[in-house]
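Position 142 (the sequence shown) corresponds to 142 in the working numbering; numbering is contiguous.
Please keep in mind that the hints were generated in silico from the structure rather than gathered at the bench. Predicted model only: the values in this text are computed from it and were never measured. Errors might be hidden in some of the hints.
Below, a list of computed lysine-lysine pairs in the BS3-like style, where the Cα atoms sit at most 27 Å apart [what the hints assert, rightly or not]: (1) 122 with 154; (2) 253 with 122; (3) 154 with 199; (4) 190 with 130; (5) 209 with 154; (6) 209 with 153; (7) 190 with 158; (8) 199 with 173; (9) 173 with 158; (10) 173 with 153; (11) 173 with 209; (12) 130 with 153; (13) 154 with 190; (14) 130 with 158; (15) 130 with 199; (16) 122 with 199.
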Amino acid sequence: MINAGKAEDYLYLLVFSLVSFVALSVTIYIIEMTNLQLKLMHELHKAEKFSAISQLAASVAHEIRNPMTTIRGFMQVLQGERNLNDNQNLFITISLQELDRTQTIIDNFLSLAKPTTGTMAKIDLSELLKETIDFMRSYSHLANTELVEAIDKKLCIKGDAHEVRQVFINILKNGIEAMPSGGSIYIIAKVDRDNVRIKFRDEGVGMNKEQLDRLGHPYYSTKEKGTGLGMMISFDIIQRMRGRINVESQEGKGTTFTILLPCE
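All chains, full assembly: derive it from the sequences and hints.
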């Protein structure tokens, strides 16, 4: 039998262990909640700061648009002259291409800064995806790239068709440009439980872990003349639709973008 003294010691030990466990659990909980709160505050501050920068950039972009349109008009008039030599024609062509690139950057800035309308409608994603692929075929053929599709019929989601199309174009364009020697992009779309799963797999140069971690961040791009805004906008659009984008990549083997969106 356990004597009274040992029983009391055992009881004290049990109580001490329970108190220690509860105290440790509470401490861990407080630390985790504090870290979460700090992280949320940091993200909020970062979002507010970025929003202010985007609004400023948008106002500047609007001001730049008008003189750019004028410059482009004059360049096109010059291009129509018959007495230009080869070098002059080349310089004008390069100038027009750079103006187009600048216009794309401005459009991306404005997309980031403009308030979302929140217009959500039922979308036949199967048709929208096929139309987007057909639209991109000319661009892919120029880059010696084949677009291979396997899309189930009657896949429906809820969202803004224009925005979803923009996401598809951004991903396809990135995939095509990641294969300078040509290759294939495989597009698969099907139902996955309560979601529609859209997968884009290319055979391009791929990305390392650091590049993957920074993908979708403002002003980061793996392309020499890229701004990173296209992918950032794409991530934002999918997130607002209560979906998500997963990216897998391996250097030298290609990249896979997987989009999950709730079924309608």
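Problem set entry | Ascending list of hint numbers which this structure does not respect | The structure conflicts with hints 2, 5 and 6, although it agrees with all the remaining ones.
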